[in-house]
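J.: Chains as they are written, first to last, in our numbering: chain A, 1 to 97; chain B, 1001 to 1222.
Please note: incorrect hints may appear among the correct ones.
What the hints assert, rightly or not - Cβ pair distances, simulated, as ranges:
| no. | chain 1 | residue 1 | chain 2 | residue 2 | range |
| --- | --- | --- | --- | --- | --- |
| 1 | B | 1219 | A | 29 | 30 to 36 Å |
| 2 | B | 1056 | A | 40 | 44 to 50 Å |
| 3 | B | 1157 | A | 47 | 35 to 41 Å |
| 4 | A | 71 | B | 1202 | 23 to 29 Å |
What the hints assert, rightly or not - The list that follows gives simulated cross-link-like pairs (lysine to aspartate or glutamate, EDC-like), each with its CA atoms no further than 16 Å apart:
| no. | chain 1 | residue 1 | chain 2 | residue 2 |
| --- | --- | --- | --- | --- |
| 5 | B | 1140 | B | 1150 |
| 6 | B | 1125 | B | 1202 |
| 7 | B | 1140 | A | 78 |
| 8 | B | 1140 | A | 36 |
| 9 | B | 1125 | B | 1089 |
| 10 | B | 1125 | A | 81 |
| 11 | B | 1140 | A | 76 |
| 12 | B | 1140 | A | 73 |
| 13 | B | 1140 | A | 72 |
| 14 | B | 1140 | A | 71 |
| 15 | B | 1140 | A | 74 |
| 16 | B | 1093 | B | 1112 |
| 17 | B | 1140 | A | 51 |
Keep in mind that the hints were calculated from the coordinates and are not lab data. Cβ coordinates follow ideal geometry from the N, Cα and C atoms, glycine included.
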Amino acid sequence: MVSNLPVPVADTGDTELILRQVLQDVLGLSLERAAELDAESGLFGHLPELDSMAVAGLLTELEDRLDIIIEDDDVDGEMLETFGGLLAFLAAKRSDS
Amino acid sequence: MLTAGAWHSPFGGPTRLVSAGDPVGASARLLILPAVFDEGHKLRRLTVNVMRMLVDSGIASFMFDPAGLMESAHPLGDTTLEDWRDEAEAAAKGLSATHILAIRGGALIARERANLVHYAPLQGKSLLRAMLRARIIANKEAGTPSTQEELLARGRSEGLRLAGYALSAAMVSQLEGATHPQAARTIAQSELGGAALWLRAEASYEAEQARQLARLVAEWAS
Chain A
1 MVSNLPVPVA DTGDTELILR QVLQDVLGLS LERAAELDAE SGLFGHLPEL DSMAVAGLLT
61 ELEDRLDIII EDDDVDGEML ETFGGLLAFL AAKRSDS
Chain B
1001 MLTAGAWHSP FGGPTRLVSA GDPVGASARL LILPAVFDEG HKLRRLTVNV MRMLVDSGIA
1061 SFMFDPAGLM ESAHPLGDTT LEDWRDEAEA AAKGLSATHI LAIRGGALIA RERANLVHYA
1121 PLQGKSLLRA MLRARIIANK EAGTPSTQEE LLARGRSEGL RLAGYALSAA MVSQLEGATH
1181 PQAARTIAQS ELGGAALWLR AEASYEAEQA RQLARLVAEW AS
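Let the sequences and hints guide you as you build the complete structure.
T.: Below, the structure is given as structure tokens:
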């Protein structure tokens, strides 16, 4: 269940940092390129190298580092489409747990 | 010096054997159980470069392609995890290995022994989970959603194609319950000082990680 309540800034800050690190690792980005990702940056469906196997690895790594469980039902193209969308999903997931 | 030769697996028949260094006079003869499926490709370059670097420490090493993977001629759909374990045992004996390095999923085909080292091992369930998740995401995008339970139930009875690999029913069942044995030493990814290469969307390589892994393995084996 994804909450619509505002997420505390401190929590999002930590989540955002971890998400940037994981994307940096998965996509092989430099620190600078990873820092340039903004809410509108396209992910799944925009980056050809980010295929379903890479996304599976990405989600598993996020689960480990954020200590959350991502259900298969939660995963769809929309949630994975942009950096902002994925971040909002993760922040909500963390505040739920 | 790296050489690619052939090894006749008692189970899977002819397959490729990559060797580095002269086993005669080597301080250790290391059998490498490679990462499997998709991760095997992503870690290939790291693995062979570790083999090259180990020669400088007086360690000769060998790595075979498990039945149904890479250049093995055997059909993967007729292969089980137990078959891979038998192959690994036969290779350890046939090549007179003094030490064994298991990489990621390779840990699942190792048997418990005093001369075993793991690099970032994972359990069968986690390996299967990642491949199932990829299939679930791909199915959803294709408009034919499926659940993990459905896929697993089908996989256990008739086998399952995951991430392009046709797994036999026995392989699915055995992977689901497979746990890796205890090793004398487990090298964690954090000891290599870089991001895990198996996570990369596109296969990549970092020489520093290879140097670290070779150094840690050499330290342990000598």
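J.: Decide, hint by hint, whether the structure agrees.
T.: Verification of the supplied hints:
The beta-carbon spacing between residue 1219(B) and residue 29(A), approximately 32 Å, falls within the hinted interval of 30 to 36 Å. Distance hint for residue 1056(B) and residue 40(A): a CB-CB separation of about 49 Å, consistent with the stated range 44 to 50 Å. For the pair residue 1157(B) and residue 47(A), the supplied restraint of 35 to 41 Å holds, since their beta-carbon distance comes to about 36 Å. Against the hinted window of 23 to 29 Å, the Cβ-Cβ separation of residue 71(A) and residue 1202(B) comes to about 28 Å, which satisfies the hint.
Using a Cα cut-off of 16 Å, the hinted pair residue 1140(B) and residue 1150(B) holds, with the two alpha carbons roughly 14 Å apart. Between residue 1125(B) and residue 1202(B) the alpha-carbon distance is near 24 Å, which puts this suggested pair outside the 16 Å criterion. Between residue 1140(B) and residue 78(A) the alpha-carbon distance is near 12 Å, which keeps this suggested pair within the 16 Å criterion. The hinted pair formed by residue 1140(B) and residue 36(A) fails the criterion: a straight-line CA distance of about 30 Å is larger than 16 Å.
Restraint check for residue 1125(B) and residue 1089(B): not satisfied, since their Cα atoms lie roughly 23 Å apart, outside the 16 Å limit. Distance restraint check for residue 1125(B) and residue 81(A): the Cα-Cα separation of roughly 28 Å exceeds the 16 Å cut-off, and the hinted pair is therefore not satisfied. Restraint check for residue 1140(B) and residue 76(A): satisfied, since their Cα atoms lie roughly 7 Å apart, inside the 16 Å limit. With a C-alpha separation of about 10 Å, the suggested pair residue 1140(B) and residue 73(A) falls inside the 16 Å cut-off, and the hint holds.
Restraint check: the Cα-Cα separation between residue 1140(B) and residue 72(A) comes to about 10 Å, which is no more than 16 Å; the hinted pair holds. Of the pairs offered as hints, the one joining residue 1140(B) and residue 71(A) holds, with about 14 Å between alpha carbons and a cut-off of 16 Å not exceeded. The suggested pairing of residue 1140(B) with residue 74(A) holds, with an alpha-carbon distance near 11 Å, which does not exceed 16 Å. With a C-alpha separation of about 15 Å, the suggested pair residue 1093(B) and residue 1112(B) falls inside the 16 Å cut-off, and the hint holds.
A threshold of 16 Å between alpha carbons decides the hint, and for residue 1140(B) with residue 51(A) the separation of about 13 Å falls inside it, so the pair holds.
Comparing the model with each numbered hint stated earlier shows that hints 6, 8, 9 and 10 do not hold.
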